[in-house]
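Protein chains: 2
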Amino acid sequence: MEAVSGKILSYDMDISELVTKNNGDEVKTHGMIYSIKPMGDFAFIILRKSDGLVQCVYEKGISDFDLNDIGVEYSIELEGTIKKDDRSPNGFEIHAKNINVLTKPAADIAINISKRKLSLSIEKDIELRPLDLRNNQKRAIFKIQEGIVKGFRNYLSSIGFTEIHTPKIVANGAEGGANIFKLDYFGKKAYLAQSPQFYKQTLVGVYEKVFEVAPVFRAEKHNTPRHLNEYIGLDFEMGFIKSFKDIMEVETGVIKSMLSTLKNNYAKEIKMLNVDIPDFEEIPCVKFKDAKEMIAAEYNRKIKDPYDLEPEEEQLISKLFSEKYKSEFVFVTHYPVKKRPFYAMDDPEDSKYTLSFDLLFRGLEIATGGQRIHDYDEQVKKMFSKNLNPDDFESYLMIHKNGMPPHGGIGMGLERICARLINEPNVRYTSMFPRDMTRLVP
Amino acid sequence: MEAVSGKILSYDMDISELVTKNNGDEVKTHGMIYSIKPMGDFAFIILRKSDGLVQCVYEKGISDFDLNDIGVEYSIELEGTIKKDDRSPNGFEIHAKNINVLTKPAADIAINISKRKLSLSIEKDIELRPLDLRNNQKRAIFKIQEGIVKGFRNYLSSIGFTEIHTPKIVANGAEGGANIFKLDYFGKKAYLAQSPQFYKQTLVGVYEKVFEVAPVFRAEKHNTPRHLNEYIGLDFEMGFIKSFKDIMEVETGVIKSMLSTLKNNYAKEIKMLNVDIPDFEEIPCVKFKDAKEMIAAEYNRKIKDPYDLEPEEEQLISKLFSEKYKSEFVFVTHYPVKKRPFYAMDDPEDSKYTLSFDLLFRGLEIATGGQRIHDYDEQVKKMFSKNLNPDDFESYLMIHKNGMPPHGGIGMGLERICARLINEPNVRYTSMFPRDMTRLVP
Chain W
1 MEAVSGKILS YDMDISELVT KNNGDEVKTH GMIYSIKPMG DFAFIILRKS DGLVQCVYEK
61 GISDFDLNDI GVEYSIELEG TIKKDDRSPN GFEIHAKNIN VLTKPAADIA INISKRKLSL
121 SIEKDIELRP LDLRNNQKRA IFKIQEGIVK GFRNYLSSIG FTEIHTPKIV ANGAEGGANI
181 FKLDYFGKKA YLAQSPQFYK QTLVGVYEKV FEVAPVFRAE KHNTPRHLNE YIGLDFEMGF
241 IKSFKDIMEV ETGVIKSMLS TLKNNYAKEI KMLNVDIPDF EEIPCVKFKD AKEMIAAEYN
301 RKIKDPYDLE PEEEQLISKL FSEKYKSEFV FVTHYPVKKR PFYAMDDPED SKYTLSFDLL
361 FRGLEIATGG QRIHDYDEQV KKMFSKNLNP DDFESYLMIH KNGMPPHGGI GMGLERICAR
421 LINEPNVRYT SMFPRDMTRL VP
Chain D
1001 MEAVSGKILS YDMDISELVT KNNGDEVKTH GMIYSIKPMG DFAFIILRKS DGLVQCVYEK
1061 GISDFDLNDI GVEYSIELEG TIKKDDRSPN GFEIHAKNIN VLTKPAADIA INISKRKLSL
1121 SIEKDIELRP LDLRNNQKRA IFKIQEGIVK GFRNYLSSIG FTEIHTPKIV ANGAEGGANI
1181 FKLDYFGKKA YLAQSPQFYK QTLVGVYEKV FEVAPVFRAE KHNTPRHLNE YIGLDFEMGF
1241 IKSFKDIMEV ETGVIKSMLS TLKNNYAKEI KMLNVDIPDF EEIPCVKFKD AKEMIAAEYN
1301 RKIKDPYDLE PEEEQLISKL FSEKYKSEFV FVTHYPVKKR PFYAMDDPED SKYTLSFDLL
1361 FRGLEIATGG QRIHDYDEQV KKMFSKNLNP DDFESYLMIH KNGMPPHGGI GMGLERICAR
1421 LINEPNVRYT SMFPRDMTRL VP
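As they're listed, the protein sequences go chains W and D.
Just so we're aligned, residue 1 is where the first sequence starts under this note's numbering, counting upward by one.
Just so we're aligned, residue 1001 is where the second sequence starts under this note's numbering, counting upward by one.
A few of these clues could be false.
[To be verified] Below, a sample of chain D positions facing chain W; criterion: calculated Cβ distance under 7 Å:
| # | residue |
| --- | --- |
| 1 | 1171 |
| 2 | 1175 |
| 3 | 1208 |
| 4 | 1252 |
| 5 | 1253 |
| 6 | 1402 |
[Stated by the list, open to error] Computed spacing ranges between beta-carbons, pair by pair:
| # | chain 1 | residue 1 | chain 2 | residue 2 | range |
| --- | --- | --- | --- | --- | --- |
| 7 | D | 1085 | W | 5 | 26 to 32 Å |
| 8 | W | 277 | D | 1086 | 44 to 50 Å |
| 9 | W | 28 | D | 1086 | 55 to 61 Å |
[Said to hold, decoys possible] So the derived list for chain D, only partly shown, Cβ under 7 Å to chain W, looks like this:
| # | residue |
| --- | --- |
| 10 | 1002 |
| 11 | 1215 |
| 12 | 1435 |
The set of hints was computed from the structure by calculation and includes no laboratory data.
By construction, the Cβ of each residue, glycine as well, lies at the ideal position given by its N, Cα and C atoms.
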């Protein structure tokens, strides 16, 4: 009887293993050819592997193959000898002896993948994503994204949060409004979840502290550099808070973990993309109302909308806090009731405001959070005040009715954090396959 | 200026910390009251915390509060003294001095949450999920699920796979057929992804080895104990395979990692749910055709459908391999072309079959995988043979056109693995908030 035992594939040598080899060691590896640079009697063959690029050297008379038999985006196996060299990107190169061509492209490659900057229009860039992600810089962006998610998850796991998976096809929107995708669900009206809000609160009653990494859907008709119609939400929710500031403490811990994960494990990508990792001890907090007034005074602006921050105001608050308090992050707290959803808890000191906050990073809101209403009567009253019918939320209200601890949480947008970190103005560049009003492919 | 620094909340003491305290130590903790058991002059107050239940002891004359002031599902803070006791579940109990009631339910609790078995009909169970997940046994199911996901992710990360996030609103279905949810996307026709198939293949061209944990949507009109209309897919895809068996090696490594993660980190839940963790070295492999014939002979059955396995056949194959080869897992390989999707690679030795496989575990298919077509012409030809128009797959075919290594991968259903592990016949019990043909709430 044939069987498999889960053995590590011995031929599958990543750079992390190749780098441990000694000068002169014979190795066998594989990869897709990223570029070929002929230099007369020799040539550099750059291989793309799972963990980056490897420099291989073809030498006439020594290498047993013909350069004309290979080309970019060929998948090959290669045998050769390790040559340690501090000048090459990984500290070694492979002097190629033999190659074996596994597959080749069926046509000329549509773009010059290995160029440092691809210089495509954003529309062309997205259209060609299946190829342009093969570019080493583009590829690095989503390694950074991987690191951000790892930092989020590992930190929360380490302080006792439970990972959850909640449904994305739902019967009610959590955020209300028209920004919701509708679908037919076996003849019933259903929606795509705008956030895991109801479910993560529900699970605070079960696990006290929970988090989720999952897609979030917003049918917003915004075509801006800050909006996507589908993005990855990093959500957490926690019970037994003594103040909504506790949520901000955990969020700050999360951010620190994300940044240290990147520093410790993604040094190559940080260098490649020239990422400026912020170094900080504390994140300052400012009340929404005060922030508005501070920038109005500082930058001589009129306050147009007293209930929300305009994108320009977010930028100015960041500017002010960066210049005056040397902080690239700032918590804006106590948003007006009018602009916060029905589950937001009012500030007991001023019921026009809520115990909620946004986190701004380099001019952009990257997370929204706050304390939630846990009392049943208070929640029902707030629903009425927002013209909602409590009967529509029967199974959500089950948690308030049956007891909930004081609790709150946040939702962050992965693509936004990533975009601000790598200093990319448009979030479409930090989504692998962005969904916007005009794009469903690739 | 107020600020937050990401400090660990000092009052937030989980069981993992309480258990390190010494006999007689004074502690302060919090939780929701799971049950109160009066025993005359004293009473047990069981607290539900983030990492399980803690036994607290009320003693008349010593405890400074009245038992009548508390009830189940109250959220409380409690001060008391650690008493080490090997008979209590965590090796200690807390002798309560004071309590502080934070919140209380607004109504009588609808079910007796702390009963060992809730004995609800499945419909009632799902309807009351926000409450019945508070039950200690129910709660444990999704800790097991968390462990399965951790084992999947940690193993693949450790052998160089990159974590990816791919869109769930898509322009084409990967699996074809009518089992797909449709939605209106700003006036365009869109679908909910039936799998990350096209995207994970695309990203093999970028990262060589990738995985994703994300929701998968199937509009299947099946109302069976094996089907959900939304579930969590555990997907991986890898390049430079030498044979489709390489994929099965990695999948076996994944399974081993899941089981060892559970054994090492979820011992409490394993014990509570009486989970029988399979212990094995190898997983046997049998060809689809041979498996059919083996069970036909062994169990005296007629072969009705030569192209697919009936659920009963899956059960019998598992039975046979469990009895004859002492294996609870079995790989069934070489499924017929007719029943596999258009991207499945044909078996070069017999083109009626594909280089694909299912993994059966205790009578149920828990994963499907196989080698994919990487050659452009071959893929286009196969599309035509399946009555598909290559023009509809332009951006997917971009990868074949521009070069792809030999590759393949698998998709597993989280709820199914979990259900077989905990010996729960219906997958609805292993989805927190299951979606089936009749259910959108909770």
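Hints, one by one, checked against the model:
Against a cut-off of 7 Å between C-beta atoms, the interface hint on residue 1171/D holds, since the closest Cβ of chain W lies about 4 Å away. Look at residue 1175/D: its Cβ only gets to about 17 Å from chain W, farther than 7 Å, so that hint breaks. For residue 1208/D, the suggested interface contact is upheld, since its CB lies about 4 Å from the closest CB of chain W, less than 7 Å. Restraint check, residue 1252/D versus chain W: the minimum CB separation of about 3 Å is within 7 Å; hint holds.
Among the interface hints, the one on residue 1253/D holds; its C-beta lies about 4 Å from the nearest C-beta in chain W, closer than the 7 Å criterion. Proximity of residue 1402/D to chain W holds as hinted, the smallest CB-CB distance being about 5 Å (cut-off 7 Å). Checking the proposed 26 to 32 Å range against residue 1085/D and residue 5/W shows it is violated: the Cβ atoms sit about 44 Å from each other. The supplied range of 44 to 50 Å is met by residue 277/W and residue 1086/D, whose beta-carbon atoms lie about 48 Å from each other.
Restraint check, residue 28/W to residue 1086/D: a C-beta distance of roughly 56 Å satisfies the suggested window 55 to 61 Å. The criterion of a C-beta within 7 Å of any C-beta in chain W is met by residue 1002/D, whose closest approach is roughly 4 Å, and the hint holds. Because the beta carbon of residue 1215/D sits about 5 Å from the nearest beta carbon in chain W, less than 7 Å, this interface hint is met. Because the smallest distance between the Cβ of residue 1435/D and any Cβ of chain W comes to about 6 Å, under 7 Å, the interface hint for this residue holds.
Hints 2, 7 from the list above are not met by this structure, while the remaining hints are.
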